[in-house]
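Residue numbers (my numbering), protein chains in the order written: chain A, 37 to 382; chain B, 2 to 349; chain C, 110 to 635.
Keep in mind the hints are simulated off the structure, nothing from the lab.
Just so you know, nobody snuck in bad clues.
On the chain B side, residues computed to face chain C include the following (Cβ under 10 Å):
{"no.": "1", "residue": "I87"}
{"no.": "2", "residue": "P98"}
{"no.": "3", "residue": "M100"}
With the Cβ distance kept under 8 Å, some of the chain A side facing chain C (calculated, not the full set):
{"no.": "4", "residue": "I84"}
{"no.": "5", "residue": "F107"}
{"no.": "6", "residue": "A108"}
{"no.": "7", "residue": "D112"}
{"no.": "8", "residue": "E120"}
{"no.": "9", "residue": "P125"}
{"no.": "10", "residue": "Y246"}
Every beta carbon over 10 Å from chain B, so not counted as near; a handful from chain C, in silico:
{"no.": "11", "residue": "L167"}
{"no.": "12", "residue": "R285"}
{"no.": "13", "residue": "E599"}
Here a beta-carbon is modelled for each residue, glycine too, at the ideal position from N, C-alpha and C.
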Amino acid sequence: MALRHLFTALGGIAACLTLAACGASTSSSDGGPAEPEEEGITLYSGRIAAAIGGAVDAYEAEVNKDVQVRFADTADLAATIVEEGDASPADVFFAQEPGALSALADRGLLAKLPDDILRLVPAEYRDPQGRWVGVTGRARVIGYSKENVDPSELPDSPLELTDPEWRGRVGWGPQTGSLQEYVSALRLEYGDERTREWLEGMVANDAQAYPNNVAIRDALAAGEIDVGLLNHYYIAQAVAAEGEDYPVGVHFPPEGLGSLVLIAGAAVLESSDRKEEAFDFVRSLLSEETQTFFTSSSKEYPLAKGVEPDPSLEVPLAEIPSPPGNRTDVSELQDTIELMQEAGAL
Amino acid sequence: MSAAVGEALAVRGLRKSFGTVEAVAGADFDVPAGTICALLGPSGCGKTTTLRLIAGLERADAGTIALGERELNGPGTFVPPERRRIGMVFQDYALFPHMDVAGNVGYGLGRNPDPDRVRKTLALVGLEAEAHRPVHELSGGQQQRVALARALAPTPDLILLDEPFSNLDASMRERLREEVRAILADSGVTALFVTHDQEEALSIADRVAVMRDGRIEQVGTPEEIYSRPATRWMAEFIGEIEVLPGEARGGRAHCVLGTLPADSGVEGPVDVLVRPESVAIGLHGPQGSPTATVVSRKFYGHDQLVELELSTGERLRSRRLGFPQWHPGDRVQVWIEGPADVLARDAG
Amino acid sequence: MVGALLGRQRPPTALLVAGVIVGLGAVLPAAYLFVVVGGDLGAALDEALTTDTALVVLRSLGLTAAVCLTAIAIALPLAWLTSRTDLPGRRIWATLAALPLVIPSYVGAYLIVAALGPSGMLQDALGVERLPSIYGFPGAWLALSLFTFPLVLLPVRATLQRLDPQLEEAARSMGRTPAETFRTVILPQLGPALAAGSLLVALYVMSDFGAVSIMRFESFTTEIYVQYRSSFDRTGAASLAAVLVLLMLVLLWLNGRVRRRQALYRSTPGTARPARPYALGPWRWPALAFCAAVVLVALVLPVGVLIYWASKGISAGAMSSELAGALAFNSLMTGAFAALAGGIAALIVAVLAARYSSPLSRWVERAGHAGYALPGVVVALGLVYFATRAAPGIYQTVGLLVFALTVHYLPLAIGPIATALGQVSPRVEEAARNLGRSQLTVFRTITAPLVRGGVFAGAALVFLHAIKELPATLILAPTGFETLATEIWEQTTFGFYEASAIPALVLVAIAAPPLYLLSERGTVTA
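Whole structure, please, built from the sequences with the hints as guidance.
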């Protein structure tokens with residue numbers, strides 16, 4: 037009896053394997069609506085398919101080539117590219133945070149972008165040495181629970197969230213790249229001492245740490261916390277999906293770098309042997325059509341000059357401070373992490 | 002089943018160490034073709050290791066093993082177990098639990114065993130009716146016979162049995178000994194079996210090799226082993242023994258129980274070894290027999306063991322039939338009736 | 110020299126070579142760590158082990174100990190109740206209680222947050238203002254305990270079913286109460302199974318990232334992750350991961366001591382009688398309540414939430430059945446290949462260790478465990494490093510992914526096979542050789558059929574874990590190759606829980622049959 041069970045199971049596995057042997061070759065090209073004949077570039081994307089799929093499809097249709105996309109966490113992909121070195125199959129890296137791009141640029145793994153690409157984006161949203169370019173920007177905001185907080189109570193600056201009145205009511209994501217970018221910006225703007233004070237104050241004020249922005253937004257929606265530091269578009273997308281009565285509101289704090297713009301950017305790898313195609317792909321990301329797609333679908337700021345942001349982005353990009361300082365210095369993020377660790381936030 | 006004639010086994014200078022422990026320390030013995038030989042010894046004497054070396058399950062450090070004309074083990078020679086043509090019956094039988102009786106017996110007969118041959122082998126051990134039963138449903142005695150049939154089926158030149166009866170109860174053991182002896186004798190195979198039970202060794206084997214501390218102490222027929230132990234250790238190991246001090250001169254040994262013949266060459270102080278059943282007592286013994294007092298008596302039904310104290314103060318035991326009944330305090334005469342062994346004092 | 114390394118029973122060359130290859134393959138990810146820290150482990154550790162990280166190590170060890178003890182506390186009574194008593198429906202309970210193993214810890218953790226978190230479903234149901242926070246240690250402890258305890262349950266139950274009832278009867282006849290009998294006779298014999306099961310739980314907890322990050326518990330793995338994020342400098346992360354490997358070696362050593370002190374129970378000739386079940390009497394009501402509570406919390410609730418979300422997702426058209434089928438196919442394929450490779454590799458390691466004990470075979474066995482203590486992302490990056498340098502042809506192929514999954518989950522398969530081998534007397538193999546069959550034939554006709562149950566159990570455990578693995582799949586799979594696990598990740602990253610519930614349910618559905626068979630057959634042994 038029991039043996040027969042076993043044989044059935046082993047037979048099942050064997051059958052799977054036989055099937056798999058036939059199926060393995062076809063399964064790698066799942067995905068895109070129309071299957072272009074020719075193989076195109078390979079993209080490592082730290083942004084998920086829902087955020088960039090449309091842009092990739094548009095490019096595939098335009099050049100009639102198939103783009104291979106590997107989705108994973110931005111940091112994991114950056115670490116992978118470092119390990120791959122010259123042998124990296126990637127041609128383009130689309131990162132959620134510029135820190136990862138700077139790290140790769142520092143190791144000489146990124147190619148210098150042609151000037152015509154760089155000219156598409158204002159200087160403050162790209163690498164001064166032209167090795168990566170910002171594609172979209174997301175504003176840091178304070179999200180708040182519409183049930184528990186009256187907009188008039190909201191602070192003018194995230195720095196005020198260390199006040200006793202916010203004790204235990206604030207959510208943040210010290211592990212997220214976006215908060216770390218924000219802390220880096222604080223250090224450059226106010227110095228390490230003031231930043232450390234704020235970090236310690238947040239920890240002392242019992243700020244709740246969440247692993248990512250979605251968790252902060254959902255905790256706001258659930259009323260678990262009253263205010264949270266997160267990116268604007270997470271709320272905007274939920275509003276778009278759930279309607280205007282979504283219980284989380286957006287507040288652009290005018291001070292304390294509260295509504296900083298964080299950049300998602302793209303770069304071409306030095307090891308790529310399809311650099312021209314890769315540059316074309318980056319150009320397509322910055323085309324008016326794709327930029328409009330980004331802003332309307334994911335509620336981010338388009339960074340290419342002359343593209344109008346989605347109407348839900350009520351504060352114009354120009355009024356939001358861009359990250360200060362030289363962002364190519366990777367040791368800066370390292371110092372930020374150290375500071376956050378010393379302050380007990382990490 | 003055709004009676005295949007087994008081959009003679011010759012073991013010379015066999016040595017095997019495990020770490021610092023020398024399990025087999027230079028063993029020499031022969032098993033003549035077609036005979037049943039017992040390898041007898043106390044536990045830990047190296048007899049099972051010797052068996053495993055012969056089977057090829059361990060590699061010897063030194064020494065040779067030959068089966069008929071074939072050298073199985075020697076300098077630069079090691080025949081793997083599967084090519085030795087040696088069958089083995091393990092102490093715990095080691096039946097293949099995933100096969101039925103016929104599957105076990107047929108395993109050694111190649112990929113497609115001849116069912117007729119399997120049936121005949123099973124008939125030999127009286128298990129024809131059980132051919133398709135799973136082995137774990139069998140009784141201990143039946144499992145034992147399956148193990149024997151399995152080892153015999155490929156008509157090996159030699160069959161090895163490791164403590165073959167130790168897992169059986171007393172009455173079963175008695176019966177199976179006889180059966181196994183008959184089966185082995187019928188098949189004509191040479192057999193070597195390991196046991197720590199002297200009664201078993203003496204009752205089944207044609208020859209007995211007694212092993213002690215990795216060496217062979219004595220080889221001989223059961224009668225020789227019992228009645229003419231080569232050393233005092235041997236005498237004490239095989240059955241009960243009384244040791245009487247004596248003096249040998251010119252082929253005769255003198256001790257408290259009288260004068261006995263001794264091997265020429267034995268001179269000076271000797272031990273006279275006598276088994277209790279050779280110590281006779283009676284109200285009237287032969288002329289000049291010493292007298293003794295009965296100290297105690299144990300009754301065993303068929304016989305009785307009487308402990309005596311001689312007038313010189315020495316004590317010894319006498320095993321007699323159950324009748325007449327002796328009582329503590331009885332005064333008797335003591336004499337030797339049967340074999341006795343005279344060994345120089347320093348032997349063993 | 111060579112003789113000393115190979116021990117007394119020299120293994121066949123083919124087996125030895127295969128064993129060394131498996132050992133070297135398994136140790137690759139750990140070797141990568143040493144390449145990265147430049148061989149100077151001491152200096153790297155000095156750098157990695159600040160007071161803060163030392164605290165995190167302690168926290169991780171604390172969590173590990175708590176989860177192990179809880180897993181035992183849940184598994185031991187369940188195992189006994191479902192194997193040795195007249196508990197109504199005990200076979201069904203046994204199967205249901207093993208099933209939580211199919212729920213990935215990252216899925217389980219967010220389900221717990223959804224159910225028990227502040228303002229979660231439980232709070233809604235109770236209508237209270239605010240529940241005590243589930244985050245941090247309590248949440249991580251709960252999630253990991255609930256979804257790993259079957260790793261203890263399966264081997265302990267299998268051992269209980271095999272124990273000779275005469276031992277218990279002997280103890281009872283000597284005037285011991287059932288409780289004393291359990292403590293003095295049964296429990297000691299469960300030592301090896303408990304040790305092996307909790308070793309797997311401990312290694313799982315130490316390398317888990319999903320549950321601890323969702324539960325916001327700062328553990329060793331989140332620390333490694335922070336290191337990667339912060340600097341993309343692998344040295345810091347690698348130093349920390351090396352600490353994990355050292356901790357794992359200590360655990361293995363402890364575990365080996367527990368197991369060695371305990372000779373494996375082997376039945377004497379003669380037939381073993383089946384045990385007479387212990388009559389629970391009125392105690393069967395609390396016993397039933399206990400089983401029901403465990404199954405409710407660890408299985409019914411999570412799967413219920415998944416079904417609820419999935420139904421919302423399906424009605425919203427979140428995923429086509431073609432896509433779900435394609436993802437399930439990819440998951441099944443990688444899982445089945447990994448199970449096959451893992452079963453074969455573990456069989457080689459176990460045979461070497463059990464039949465040809467030697468310093469070399471012990472090292473091969475230890476090496477076989479190296480991949481399990483490391484977080485999946487470290488295993489993956491290690492293989493990126495070696496594959497791009499040494500074998501670019503296999504980089505980002507299903508082959509390399511399967512290799513990674515095999516190496517990562519090999520220890521899960523070694524345990525059951527080693528136990529199965531321990532129950533096959535070497536005499537049986539020797540008997541077969543004496544009957545004129547070569548080593549290879551004996552292995553094929555005797556050893557392999559007798560340990561088949563163990564190989565199957567081991568392969569099934571590898572399969573269960575391989576289909577859940579996330580970071581290794583994301584990094585090493587062919588570009589564009591998606592599985593159920595990557596789809597769950599993709600959807601939850603954006604908070605699409607309803608959409609993510611569909612692949613999660615499919616994952617649970619394909620993991621359940623092998624686990625059901627495992628539990629039914631009771632072959633998963635330590």
